[in-house]
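Chains as they are written, first to last, in our numbering: chain A, 1 to 439; chain B, 1001 to 1352.
A portion of the hints provided could be inaccurate.
[Claimed, not checked] No more than 25 Å apart at the CA atoms, straight line, and that leaves these computed lysine-lysine pairs for DSS-like: (1) K1150/B x K430/A; (2) K206/A x K1181/B; (3) K431/A x K277/A; (4) K1181/B x K94/A; (5) K339/A x K305/A; (6) K164/A x K95/A; (7) K1342/B x K1010/B; (8) K256/A x K175/A; (9) K1010/B x K121/A; (10) K1010/B x K1344/B; (11) K1181/B x K430/A; (12) K277/A x K256/A; (13) K1181/B x K431/A; (14) K206/A x K172/A; (15) K425/A x K1150/B; (16) K1150/B x K198/A; (17) K95/A x K1181/B; (18) K70/A x K299/A; (19) K175/A x K1344/B; (20) K277/A x K245/A; (21) K164/A x K174/A.
If you're looking for bench data, these hints aren't it; they were derived computationally from the structure. The model shown is predicted, which means the values in this text are computed figures rather than measured ones.
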Amino acid sequence: MKLKLLKALTVAAVAAASTVTSTLATAQEQFIPILSYRVGLYAAGGSGFFGGAIDYFNLVNANGGINGVKISWEECETEYNASRGVECYERLKKKNGGASLVEPLGTGIAYGVLDRLPVDKIPMTTMGYGRSDAANGQVFPYVFPLITSYWNQAAGMIKHLGDKAGGLDKLKGKKIVHLYHDSAFGKEPFPVLEALEKSLGYQLIKIPVAHPGTEQNSQWLQIRQANPDYVILWGWGVMNAVAIKTAARNGFPREKMLGVWWAGSEEDTIPAGDAAKGYTTMTFNTPGNYPVIDEIRKKVYGAGKGNLADKDRIGSVYHMRGITAAMLWIEGIRNAQNKYGKGKVMTGEQIRWGLENINVDEKRQRELGAFNMFPTIKTSCQDHEGSGAVKVQVWDGKAWKAVTPNWIQGDRAMVQKMVAESSAKYAAEKKITPACLPG
Amino acid sequence: MIYREAGQFKTTYLNDSQIFPIAQDRYAVAALLIVAFIAIPLFASQYFFSAILIPFLIFSLAALGLNILTGYAGQISLGTAAFMAVGAFASYNFMLRVPGMPILVAFILGGICAAMVGILFGLPSLRIRGFYLAASTLATQFFVVWCLTKVPWFTNYSSSGVITAQQINILGIPFDTPGEKYVLVLIIVSVMALLAKNMVRSNVGRSWMAVRDMDVAAEVIGFRIVRTKLIAFAVSSFYCGIAGALFAFCYLGTVEPEAYNLDLSFRILFMVIIGGLGSILGSFLGAGFIVLLPTVLSVIVHYTGLPNSVTSNLELMVFGALIIFFLIVEPHGLARLWQIAKEKLRLWPFPH
Chain A
1 MKLKLLKALT VAAVAAASTV TSTLATAQEQ FIPILSYRVG LYAAGGSGFF GGAIDYFNLV
61 NANGGINGVK ISWEECETEY NASRGVECYE RLKKKNGGAS LVEPLGTGIA YGVLDRLPVD
121 KIPMTTMGYG RSDAANGQVF PYVFPLITSY WNQAAGMIKH LGDKAGGLDK LKGKKIVHLY
181 HDSAFGKEPF PVLEALEKSL GYQLIKIPVA HPGTEQNSQW LQIRQANPDY VILWGWGVMN
241 AVAIKTAARN GFPREKMLGV WWAGSEEDTI PAGDAAKGYT TMTFNTPGNY PVIDEIRKKV
301 YGAGKGNLAD KDRIGSVYHM RGITAAMLWI EGIRNAQNKY GKGKVMTGEQ IRWGLENINV
361 DEKRQRELGA FNMFPTIKTS CQDHEGSGAV KVQVWDGKAW KAVTPNWIQG DRAMVQKMVA
421 ESSAKYAAEK KITPACLPG
Chain B
1001 MIYREAGQFK TTYLNDSQIF PIAQDRYAVA ALLIVAFIAI PLFASQYFFS AILIPFLIFS
1061 LAALGLNILT GYAGQISLGT AAFMAVGAFA SYNFMLRVPG MPILVAFILG GICAAMVGIL
1121 FGLPSLRIRG FYLAASTLAT QFFVVWCLTK VPWFTNYSSS GVITAQQINI LGIPFDTPGE
1181 KYVLVLIIVS VMALLAKNMV RSNVGRSWMA VRDMDVAAEV IGFRIVRTKL IAFAVSSFYC
1241 GIAGALFAFC YLGTVEPEAY NLDLSFRILF MVIIGGLGSI LGSFLGAGFI VLLPTVLSVI
1301 VHYTGLPNSV TSNLELMVFG ALIIFFLIVE PHGLARLWQI AKEKLRLWPF PH
């Protein structure tokens, strides 16, 4: 028995050794490690997001790469666990000529690698999560919370609610419930919501939901008693579907609920069934179909290289988010190539510069086949976010539809001031002198 | 043949009470320490330090802490990660708020804070046992994480509840690179493991084991149950607190309270169960098994060329199957397996 096991292990090891040599990338490839999670609690999000990114890589490669440089990647399963994620990062960072950039899509992992980035000179994107104050590139030169952060999102939410009420001044005296996941994630928007409470004069009621949030009757009883005008749902995972269903049971109109973007995917609404109809959330992608997604269908899935097992998920919220992320990474690499030499493999340092100088305007979006799929982005050393705009989408029972035709922006000046304060505190704690890195 | 104590006579009490009574064991441990202290820092790669060795040592220390409580004193605990969190956040605050605080002192103070929390939450153990105690330690887990997210002072008013560990600097020597951090962690873990080994051989350890085996009988023969149980909680939490501080300062760097969730508590409990309850060596073996095996598996499985959605799940299935396999083959853990191997080796090649 034991001998057999040993034999099997040896066979596996030999097989592994032989495939190592065959999968080694050639020098002319830009290597991107994929710290994905396809098992565990958050597998639905992970498989969609990283599937989207890989689909886009395949599309870029099918179209001849970035000025001839093909993209190579390797996946490593993190299970959304910080120590597994750090191990994956360490394992892949030096591989195949060095990692171009990382995107762990998990707050814990992002924090775990945060201190290692400047040493290894590898940029990290945290699209739609992570530290909001990392938007200040002078303190966090290697971190890019691209498109928009939690703080801008919270400001955007209030802006949208104000528009709904007929103007921001109409929010005075209104009651807004912040129903949040009781963790660092749920508390992240507090500073913004509280500052706006003071300036706009609405009444903010904060109600926490303990992880995982499968039981929310007492919270919704509280909400019923308070009878608020709006409920902000800052949840994730199973908490979202439960919130929607409990709202329905308590007769709270779903139209008055506004979810965070981690509460706004098909995976959140479909389990809630009919109760989810009319439920709105924030997003940084306009739902719909785009030329680039058609191209992926044709060239990637047509060639049998598609990453999603279920083809119905093509163009779903998480998939589109993955495509968007990959598109911006490739733009960053392309920028770097324009500066440091076309057709060459870029280093992490050069890509950092590229990401810091992304400029995707409407014209560029059209060229990419993704017009209006995400807001226009222009990054700089002071602004690693590049946009801060968000959109609101509504679930019509079958699919997400955009509610706001235009991108909405909250009180950006206020958020920027808070970013500056918070990052200055971080810099003082870590004894960093804020400065832009030279190109 | 090689591993045999024939001819090794103990002529003094000192000889008789050493940690490793057999000379071969002493040589092996000395060799292991030389490798760990000299050879590895010279030759290992950065990946090896920061992704394998440092987490392995830190989890070993946490498992050792839990093993003292669960394996030696027989009190089941599901709050290990909470004690780690107390250690980490306390050390962080000592470093932040006391100017010129030496980091090692901050670690020790962090451990003491964890020990005090441990004593507090160990009080129910005086009345309840077994599964009921496990449920009450579960409260520690939720309370501590809740408290750290609730009271902004602990995280220095960071809006997201995240702390960033300060730089490590001992007597003017900075510990920045993974290799240096490894050495620091190794020294702390070795010293504490040695202390633990001696503690469990002393009257304290014997009183723990007496309480574990039958607390009524222990009381009858004169052990003070209250004191024994609370000391076990304090020592165990102290070890976990130091492990938690190292987890934040030497491994992750930036942590949120969520990093110390129930999941981590369970992982450490599994390390103790698989490694061997009531064994210092078992804590290390268990940590190795739980920390290293998934990595090894993922490397092997990912080279099979299967699509990633399959390999990720396959990895989990193989890991689960191995755990069941080991528990069936040896329910007393890897440490017991090692002990059996040693007994066999003694007789080899001429078994009776």
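Verification of the hints:
Pair hint K1150/B plus K430/A holds up; C-alpha atoms about 24 Å apart against a cutoff of 25 Å. Simply put, K206/A and K1181/B have alpha-carbon atoms about 42 Å apart, too far for the 25 Å limit, and the pair is violated. Distance check on the hinted pair: K431/A and K277/A sit about 50 Å apart at the alpha-carbon level, beyond 25 Å; violated. A threshold of 25 Å between alpha carbons decides the hint, and for K1181/B with K94/A the separation of about 20 Å falls inside it, so the pair holds.
Restraint check: the Cα-Cα separation between K339/A and K305/A comes to about 32 Å, which exceeds 25 Å; the hinted pair is violated. Our distance criterion of 25 Å between C-alpha atoms is broken by K164/A and K95/A, whose separation comes to about 51 Å. A C-alpha spacing of about 20 Å is found between K1342/B and K1010/B, which places the hinted pair at or below 25 Å, so the restraint holds. Simply put, K256/A and K175/A have alpha-carbon atoms about 12 Å apart, close enough for the 25 Å limit, and the pair holds.
Annotation: proposed proximity of K1010/B to K121/A is violated, straight-line Cα distance about 58 Å (limit 25 Å). Between the alpha carbons of K1010/B and K1344/B the distance comes to roughly 23 Å, so the proposed pair stays at or under 25 Å and holds. Simply put, K1181/B and K430/A have alpha-carbon atoms about 18 Å apart, close enough for the 25 Å limit, and the pair holds. In summary, the hint linking K277/A to K256/A is supported, as the alpha carbons are separated by about 12 Å, within the 25 Å threshold.
For the suggested pair K1181/B and K431/A, the alpha carbons sit about 20 Å apart, so the restraint of at most 25 Å is met. Pair hint K206/A plus K172/A holds up; C-alpha atoms about 17 Å apart against a cutoff of 25 Å. Of the pairs offered as hints, the one joining K425/A and K1150/B holds, with about 20 Å between alpha carbons and a cut-off of 25 Å not exceeded. With a C-alpha separation of about 22 Å, the suggested pair K1150/B and K198/A falls inside the 25 Å cut-off, and the hint holds.
Taken as a hint, the K95/A and K1181/B pair is honoured in the structure, with Cα atoms around 23 Å apart against an allowance of 25 Å. At roughly 16 Å between alpha-carbon atoms, K70/A and K299/A fall within 25 Å of each other, so this suggested pair holds. For the suggested pair K175/A and K1344/B, the alpha carbons sit about 74 Å apart, so the restraint of at most 25 Å is broken. Our distance criterion of 25 Å between C-alpha atoms is met by K277/A and K245/A, whose separation comes to about 11 Å.
Proposed proximity of K164/A and K174/A is supported: the alpha carbons are some 12 Å apart, at most 25 Å.
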